[in-house]
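Work out the full structure: start from the sequences and follow the hints.
Protein chains: 2
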Amino acid sequence: MQKIIFGFLLFFSAYSASAQSKELINIRAYCDKQMHQWLAEYTSFLGIPNIASDTIHIQKNAAFIQQMMKNRGISNVQLLAPKTIGIPPVIYGEVIHPGATKTIIFYAHYDGQPVDSTKWAKGLHPFKPSLLNSSLENQGTIISWPDQTAEINPEWRIYARSASDDKAGVMSILSAYESITKCGYQPSINLKFFFEGEEEAGSDHLYEVLEKYAPQLQSDLWIICDGPVHQSGKKMVSFGVRGDTHMELTVYGSKRPLHSGHYGNWAPNPAMLLSKLLSSMKDDNGNVLVKGFYDDVTPLSENEKKALKEIPSPDNQMKKELGFLAQENDQLTLAESILNPSLNINGLQSANVGKLSSNVIPTTATASLDLRLVLGNDFRRQQNKVVAHIKKQGYYVTDQDPTEAERKLYPKIAKVILSDGYNAQRTSMDLPIAQNVIAAVKSTTSDQIVLMPSVGGSLPLFVFEKYLHAKTITVPIANHDNNQHAENENIRLQNLWNGIETFAAIMMMK
Amino acid sequence: MQKIIFGFLLFFSAYSASAQSKELINIRAYCDKQMHQWLAEYTSFLGIPNIASDTIHIQKNAAFIQQMMKNRGISNVQLLAPKTIGIPPVIYGEVIHPGATKTIIFYAHYDGQPVDSTKWAKGLHPFKPSLLNSSLENQGTIISWPDQTAEINPEWRIYARSASDDKAGVMSILSAYESITKCGYQPSINLKFFFEGEEEAGSDHLYEVLEKYAPQLQSDLWIICDGPVHQSGKKMVSFGVRGDTHMELTVYGSKRPLHSGHYGNWAPNPAMLLSKLLSSMKDDNGNVLVKGFYDDVTPLSENEKKALKEIPSPDNQMKKELGFLAQENDQLTLAESILNPSLNINGLQSANVGKLSSNVIPTTATASLDLRLVLGNDFRRQQNKVVAHIKKQGYYVTDQDPTEAERKLYPKIAKVILSDGYNAQRTSMDLPIAQNVIAAVKSTTSDQIVLMPSVGGSLPLFVFEKYLHAKTITVPIANHDNNQHAENENIRLQNLWNGIETFAAIMMMK
Chain A
133 MQKIIFGFLL FFSAYSASAQ SKELINIRAY CDKQMHQWLA EYTSFLGIPN
183 IASDTIHIQK NAAFIQQMMK NRGISNVQLL APKTIGIPPV IYGEVIHPGA
233 TKTIIFYAHY DGQPVDSTKW AKGLHPFKPS LLNSSLENQG TIISWPDQTA
283 EINPEWRIYA RSASDDKAGV MSILSAYESI TKCGYQPSIN LKFFFEGEEE
333 AGSDHLYEVL EKYAPQLQSD LWIICDGPVH QSGKKMVSFG VRGDTHMELT
383 VYGSKRPLHS GHYGNWAPNP AMLLSKLLSS MKDDNGNVLV KGFYDDVTPL
433 SENEKKALKE IPSPDNQMKK ELGFLAQEND QLTLAESILN PSLNINGLQS
483 ANVGKLSSNV IPTTATASLD LRLVLGNDFR RQQNKVVAHI KKQGYYVTDQ
533 DPTEAERKLY PKIAKVILSD GYNAQRTSMD LPIAQNVIAA VKSTTSDQIV
583 LMPSVGGSLP LFVFEKYLHA KTITVPIANH DNNQHAENEN IRLQNLWNGI
633 ETFAAIMMMK
Chain U
133 MQKIIFGFLL FFSAYSASAQ SKELINIRAY CDKQMHQWLA EYTSFLGIPN
183 IASDTIHIQK NAAFIQQMMK NRGISNVQLL APKTIGIPPV IYGEVIHPGA
233 TKTIIFYAHY DGQPVDSTKW AKGLHPFKPS LLNSSLENQG TIISWPDQTA
283 EINPEWRIYA RSASDDKAGV MSILSAYESI TKCGYQPSIN LKFFFEGEEE
333 AGSDHLYEVL EKYAPQLQSD LWIICDGPVH QSGKKMVSFG VRGDTHMELT
383 VYGSKRPLHS GHYGNWAPNP AMLLSKLLSS MKDDNGNVLV KGFYDDVTPL
433 SENEKKALKE IPSPDNQMKK ELGFLAQEND QLTLAESILN PSLNINGLQS
483 ANVGKLSSNV IPTTATASLD LRLVLGNDFR RQQNKVVAHI KKQGYYVTDQ
533 DPTEAERKLY PKIAKVILSD GYNAQRTSMD LPIAQNVIAA VKSTTSDQIV
583 LMPSVGGSLP LFVFEKYLHA KTITVPIANH DNNQHAENEN IRLQNLWNGI
633 ETFAAIMMMK
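Those protein sequences? They're chains A and U, same order as listed.
582 is the number that this note's numbering gives to position 450 of the first sequence; each next residue is one higher, with no gaps.
290 is the number that this note's numbering gives to position 158 of the second sequence; each next residue is one higher, with no gaps.
For the record, the hints were derived by calculation from the structure and aren't laboratory data.
Hints should not be assumed to be uniformly reliable.
One copy or two, either will do: identical chains are not told apart, so a pair holds if it fits within one copy or between any two.
Capping the alpha-carbon separation at 30 Å, the derived lysine-lysine pairs in DSS-like fashion look like this [to be verified]:
#	residue 1	residue 2
1	Lys544	Lys423
2	Lys408	Lys574
3	Lys547	Lys451
4	Lys387	Lys487
5	Lys598	Lys487
6	Lys544	Lys451
7	Lys452	Lys366
8	Lys165	Lys438
See the structure below:
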């Protein structure tokens, strides 16, 4: 499927010009030499379909990864199966040194998002990797795989499902370990490798593995490799994710749709009631007005505050790209905004608009909300603050459609459905091990490292804390514009090379 | 289809116990005698399908009505066809007296709302009339058509499409004329009959008939028989309708849906923007805050104010029936509310709610509004006031999706689509001819007559004013709970008998 011939190039060394350790210089030289071979191995890996429910191909992926690990001299390679039958296994391996005082587990996932191959650009296929000379958005075109003597341009991209999310994690972690050993070095810490196969299907059984294999999975830190680096293209280390939960509000008017001529402006209009209720939740500058909404937030430490200040602002670039001029809160940057708990409307519905709209007073109006949580918030407590706010606006709150009796008793009625959720997770930047990780990543480049106290998105990282009392730090490697979760997913080669180098530095950290 | 045998009953005389003129007493006696025959004729009439687009059946309806008119001795019976080919004709007839000083045209429509017969209750069919011993809501059941000697209970109902809307108008107007002549009386005024066949399809070509036959359609007044009487069950005369127009507002956020974790509370959320915009249009008590919204309203005359005060309040009964406790504006009764211009939300939409909702910041949010207009309002001026309000809230207003350039220039963008519309129509109660109509209707009952300066709904009555400079007064006869426009349409027999008597009194007025 791939026509790759091996060559020897120097993109690793060419990339970072800063003063580096002797070890890193040697590792880079090895990387430059291995590039063609890795490209061949990676495209074979990407050629195996990897939807979590596709059991046969999932087994092939698992076998492929086990072979990659064995080829690299990793010990105790095995499958960790969840208690539930038929769930993709975790592929585990380890490198233990009797004298090591620390253990780090490297996490990535090998399953990918479901695909609709008809949506991929012409000539591309999710499980037949293609090489392009640039991104599609940048008018990139498909090119031949390079022969052994050809130069590999680091701006080239591989297009395939999971090219960035998250086989890139598996590939770069294992190749980092290979580089170290091939250069004759030994990691100073115990390494464990943990590659999940159910992440894009919701990680619903991850806890079963953590519970079952808890003794084997003890560590000082998990390094999570998933997601893209900062929009600026700079390397990133992030120390947390936001928690997430949902609420659905429905307010009520008449039991049957009423003619807006005969009853309009006399009968209550739930669409207007909902507008007023939602409006009451935020001021015009995006600050949430729900009482105590920001109260539980654990303040940032001095280090975190400093890191936050140093995050390069992608705000103007993003606004141009996204087509808006005014952000919701003009006092806060994007990086600052995502360190706050948030209240966001995901959707609104009341009767119909457009061609389906008619002269009615709707009977109900519904809004779906999501609440993002930061360290200190509890998702139930946060939901309850919003419920208290709704009550304060004069609403009787129920969790089902109102009864006849309730309709006769209460002037304003809201049904509030509270979803399940989970809390935020944040590892302190101030921990010595966190400082070591930062120093290791910094050692690979003279450029700035973006340190995110937390990213805006949510992942159930709390399971590591809950079942193993473990700490997690995320070190993403993919390019920001990788089309993760969508058609035309891709990885920029330089991001893959950077990833290998980054993980090698972390494995070598003191 | 119907088994009706003639009998002689006294519901007309039994119904109104007040002192009445000799003429009315005689007319009632005739009505009582004719009841079985009318029932037979009416059920035959209702058995002819009457959707405006069903040309063949529309012709049968037209032929049936022409025959009804000829049987009753009405002159000059003819079809008035709109200029546009294939549109249902108007059936016209007249009774002219050389000495008469006034001419009244009686209007009703013979076409009906489209039907979905599968939605009708078991045993019922829109074009196979059934007799029930009470309303379905009141657990009425289908009964046999009465034989000639059987008593006809005035609480019985006929279930069929157009039983109330609006073949009841045709039937009662023509039977009123029959009663007068059969009793040996002559109307004191010229009568013209005008039965439209395109009303439920929007009366789009009515103006063509009014224009083409203008000389023939000169009159001092049109009496419109359409719609239900007052919710209290009392007879009603209404002097106007509200105008109506629509607006659709769409506000914008990012060009593509954004992840609510990564960008929530930084990127603008159009659902929240729309909620705030809509909220700004009304205070918590339902008063429209759009500048000048109530400015153009023509004040009520003393007579109209007096009539308004005397309207029995159905408010508490309606609220119970409709299942809400708090009306939008607690300072105004339903009757008062509908004499104000209104702003009503017909529908809201932004992304999705419920099972379809996802963690996005929607790209747009849309609201459909209707504006009802009262005498003095101009629909374009009223729309422009709302547009000015939107601009005042900081929005750039356009009539299409924003361009890239507009997105870069304006922090808040609203697309506003203005629909066509029409203004309100109201005939002054103070006119001598209006007073004569009121007196005539009053003469038929000792009960109160509800005089509505205007009803809340909208009809394009302005066309009569525009093309003929004519005045209109509406005299509805159907029961309030007739399921007009929906499945299980019905008429309560007493309402039909009352209608015949009412129109007879109007035809005999001085």
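Here's how the hints hold up against the structure:
no., hint, in the structure
1, Lys544 x Lys423, "both (20 Å within a copy, 28 Å between copies)"
2, Lys408 x Lys574, "neither (50 Å within a copy, 46 Å between copies)"
3, Lys547 x Lys451, "between (36 Å within a copy, 20 Å between copies)"
4, Lys387 x Lys487, "both (24 Å within a copy, 23 Å between copies)"
5, Lys598 x Lys487, "between (51 Å within a copy, 29 Å between copies)"
6, Lys544 x Lys451, "between (39 Å within a copy, 13 Å between copies)"
7, Lys452 x Lys366, "within (20 Å within a copy, 64 Å between copies)"
8, Lys165 x Lys438, "neither (39 Å within a copy, 98 Å between copies)"
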